[in-house]
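Per UniProt numbering, the very first residue in the sequence shown carries number 1; after that it's consecutive.
It should be emphasised that the hints constitute simulated quantities derived from the structure, not laboratory data.
It cannot be assumed that every hint is accurate.
As the list claims (entries may be wrong) - Taking lysine-lysine pairs in the DSS-like style, the calculated list, with each CA pair at most 30 Å apart, reads:
| no. | residue 1 | residue 2 |
| --- | --- | --- |
| 1 | 69 | 55 |
| 2 | 26 | 49 |
| 3 | 49 | 69 |
| 4 | 69 | 26 |
| 5 | 71 | 26 |
| 6 | 71 | 18 |
| 7 | 45 | 26 |
| 8 | 26 | 15 |
| 9 | 15 | 49 |
| 10 | 69 | 45 |
| 11 | 49 | 18 |
| 12 | 15 | 67 |
| 13 | 55 | 67 |
| 14 | 18 | 45 |
| 15 | 15 | 55 |
| 16 | 49 | 67 |
| 17 | 45 | 55 |
| 18 | 67 | 45 |
| 19 | 18 | 58 |
| 20 | 58 | 69 |
| 21 | 45 | 58 |
| 22 | 45 | 71 |
| 23 | 15 | 45 |
| 24 | 58 | 15 |
| 25 | 55 | 26 |
Stated by the list, open to error - If you anchor each label on the Cβ, the simulated ranges turn out as follows:
| no. | residue 1 | residue 2 | range |
| --- | --- | --- | --- |
| 26 | 36 | 71 | 38 to 48 Å |
| 27 | 16 | 50 | 10 to 20 Å |
| 28 | 71 | 40 | 29 to 39 Å |
| 29 | 32 | 5 | 42 to 52 Å |
| 30 | 51 | 1 | 21 to 31 Å |
| 31 | 69 | 23 | 33 to 43 Å |
| 32 | 25 | 71 | 41 to 51 Å |
| 33 | 29 | 71 | 13 to 23 Å |
| 34 | 70 | 34 | 34 to 44 Å |
Nothing here was measured: the structure is a model prediction, and the numbers come from that model.
All residues carry an ideal CB built from backbone N, CA and C; glycine is no exception.
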Amino acid sequence: MRITGASQLAEEVRKIRKEQGITSEKLGQYADLSRYAVLNFENQKSDIKLSTLLKILKLCNIEIYIKVKSK
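Sequences and hints are given; from them, build the entire structure.
Shown next, in the form of structure tokens:
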């Protein structure tokens, strides 16, 4: 899937988290965030640090690939 913005990434993380049965509380504990901070990220009400995002992606078994955009 191609993600083109922060809101799309947050929505996809939320969808995958729910599909895998991971609660926002469990995700928050793993990423050193409160449950509310996770929900605020997923609802695009706040941003999180890159290192925190990588923890979230790891727990949800999501991989990111970086590709140089062709001209």
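Against the structure, the hints come out as follows:
1. 69 x 55: Holds, because 26 Å separates the two Cα atoms, which is no more than 30 Å.
2. 26 x 49: 18 Å, holds
3. 49 x 69: Holds, because 24 Å separates the two Cα atoms, which is no more than 30 Å.
4. 69 x 26: 35 Å, violated
5. 71 x 26: Status violated; Cα separation ~42 Å.
6. 71 x 18: The given pair, whose Cα atoms are some 37 Å apart, is violated under the 30 Å limit.
7. 45 x 26: 20 Å, holds
8. 26 x 15: 15 Å, holds
9. 15 x 49: 20 Å, holds
10. 69 x 45: At roughly 29 Å apart (the allowed maximum being 30 Å), residue 45 and residue 69 satisfy the hint.
11. 49 x 18: Cα-Cα ~22 Å, so holds.
12. 15 x 67: Given that 30 Å is the threshold and the Cα spacing comes to 24 Å, the pair holds.
13. 55 x 67: 21 Å, holds
14. 18 x 45: Given that 30 Å is the threshold and the Cα spacing comes to 19 Å, the pair holds.
15. 15 x 55: 16 Å, holds
16. 49 x 67: Distance of about 21 Å is within 30 Å: holds.
17. 45 x 55: This hinted pair holds, its Cα atoms lying about 19 Å apart.
18. 67 x 45: 28 Å, holds
19. 18 x 58: The given pair, whose Cα atoms are some 15 Å apart, holds under the 30 Å limit.
20. 58 x 69: Satisfied, since the Cα-Cα distance of roughly 25 Å is no more than 30 Å.
21. 45 x 58: 22 Å, holds
22. 45 x 71: 33 Å, violated
23. 15 x 45: With a Cα-Cα distance of about 17 Å, the restraint between residue 15 and residue 45 holds, given a limit of 30 Å.
24. 58 x 15: 15 Å, holds
25. 55 x 26: Answer holds: residue 55 to residue 26 is near 12 Å, not above 30 Å.
26. 36 x 71: 38 to 48 Å: The hinted range 38 to 48 Å holds for residue 36 and residue 71, with Cβ atoms some 42 Å apart.
27. 16 x 50: 10 to 20 Å: 18 Å, holds
28. 71 x 40: 29 to 39 Å: With a Cβ separation near 37 Å, residue 71 and residue 40 satisfy 29 to 39 Å, so the hint holds.
29. 32 x 5: 42 to 52 Å: 25 Å, violated
30. 51 x 1: 21 to 31 Å: Check passed, 23 Å falls within 21 to 31 Å.
31. 69 x 23: 33 to 43 Å: Holds - the Cβ-Cβ distance for residue 69 and residue 23, about 36 Å, lies within 33 to 43 Å.
32. 25 x 71: 41 to 51 Å: Given range 41 to 51 Å: holds, Cβ gap about 45 Å.
33. 29 x 71: 13 to 23 Å: 44 Å, violated
34. 70 x 34: 34 to 44 Å: 41 Å, holds
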